[in-house]
Amino acid sequence: MRNIVCVTTHFDSGRTSSMSVPQHQPAEARTIGILGAGRVGTAVARQALKAGYDVKIATAKPADEIALLVEIITPGAAAVTAAEAAAADIVVVAVPLHKYRTLDPDLLAGRTVIDAMNYWAPIDGEIDDFENDDRTSSAIVQAYLSGSDIVKTLNHIGYHDLEEDGRVPGSEDRRALALAGGSDDAKALVAGFIDRLGYDTVDTGPLESGRAFQPGTEIFNGSHSEPQLRAILAADREPARA
2 MRNIVCVTTH FDSGRTSSMS VPQHQPAEAR TIGILGAGRV GTAVARQALK AGYDVKIATA
62 KPADEIALLV EIITPGAAAV TAAEAAAADI VVVAVPLHKY RTLDPDLLAG RTVIDAMNYW
122 APIDGEIDDF ENDDRTSSAI VQAYLSGSDI VKTLNHIGYH DLEEDGRVPG SEDRRALALA
182 GGSDDAKALV AGFIDRLGYD TVDTGPLESG RAFQPGTEIF NGSHSEPQLR AILAADREPA
242 RA
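In terms of the working numbering, the sequence shown is residues 2 to 243.
No lab work stands behind these hints, which were simulated from the structure alone. On a predicted model such as this, the values are computed, not experimentally measured, just so you know. Check each hint, because a few of them may be wrong.
Computed cross-link-like contacts, EDC-like style, restricted to lysine to aspartate or glutamate with a CA-CA straight-line distance of at most 16 Å [what the hints assert, rightly or not]:
| # | residue 1 | residue 2 |
| --- | --- | --- |
| 1 | Lys-51 | Glu-164 |
| 2 | Lys-100 | Asp-65 |
| 3 | Lys-62 | Glu-85 |
| 4 | Lys-51 | Asp-174 |
| 5 | Lys-51 | Asp-162 |
| 6 | Lys-100 | Glu-72 |
| 7 | Lys-51 | Asp-129 |
| 8 | Lys-100 | Glu-127 |
| 9 | Lys-100 | Asp-129 |
| 10 | Lys-51 | Asp-196 |
Cβ-Cβ distance ranges computed for the label pairs, FRET-style [unchecked claim]:
| # | residue 1 | residue 2 | range |
| --- | --- | --- | --- |
| 11 | Glu-132 | Asn-222 | 20 to 28 Å |
| 12 | Ala-84 | Gly-39 | 43 to 51 Å |
| 13 | Tyr-145 | Gln-26 | 20 to 28 Å |
| 14 | Thr-218 | Glu-66 | 34 to 42 Å |
| 15 | Pro-63 | Ala-28 | 28 to 36 Å |
| 16 | Gly-223 | Asp-135 | 19 to 27 Å |
| 17 | Ala-84 | Arg-238 | 40 to 48 Å |
| 18 | Ala-232 | Ser-172 | 36 to 44 Å |
| 19 | Val-169 | Thr-103 | 31 to 39 Å |
| 20 | Asp-135 | Glu-219 | 29 to 37 Å |
| 21 | Ala-144 | Pro-216 | 40 to 48 Å |
Ideal Cβ placement from N, Cα and C applies to all residues, glycine included.
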């Protein structure tokens with residue numbers, strides 16, 4: 002049985018902050034942390050429960066205050082502290098992007114972290130950190146969480162679709178999700194998790210390559226198989242013709 006952990010908003014670990022020792026990268030995730038128990042975070046949690054994982058959820062509130070809510074929204078999951086959540090093999094960050102600085106960099110140091118957040122100014126309003134920086138939103142998050150291995154994915158599938166579109170490996174209509182990151186080991190770990198959720202994966206390259214599936218892109222706006230996703234990426238990388 003595998004574990005998934007969900008966490009929300011302001012992440013107070015309840016301990017004195019100190020930089021964690023880098024963790025050994027497991028070959029396969031056995032525990033997952035989801036930072037954010039909103040629509041995206043809870044959808045990931047429910048899908049993970051279907052895949053046979055144990056799911057644990059933490060929010061800004063004490064665990065006992067959210068236990069009933071967790072039981073109702075994600076039956077089968079358990080409410081825990083943020084520190085317990087951050088101890089997972091993979092931590093999924095699904096908080097509103099403007100709250101990314103509420104994350105504790107020390108708590109997440111040495112961890113593989115999925116960035117499922119998006120900077121979408123027309124919807125969420127302009128944020129100076131992202132509006133006045135040429136880097137992708139994930140690259141900015143990586144700079145803040147400098148001790149973590151950030152992998153960008155799960156940002157370009159709707160929370161309803163996540164629970165409805167999953168298929169077993171080899172299905173002709175299996176959807177693919179893109180991922181980007183600076184660590185090959187971290188991306189392999191995340192790809193295994195995404196596969197168990199019911200999706201193929203396409204590694205687009207380093208974290209900055211996540212620009213290809215940010216809001217407004219063809220990948221972000223649609224549902225694609227693995228061959229279709231690779232074709233879109235290849236076309237985007239072709240030099241513009243005169």
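Notebook entry, point to check: Hint by hint, which ones does this structure get wrong, listed from lowest number up?
Noted result: Those not satisfied are hints 2, 4, 6, 7, 12, 18, 20 and 21.
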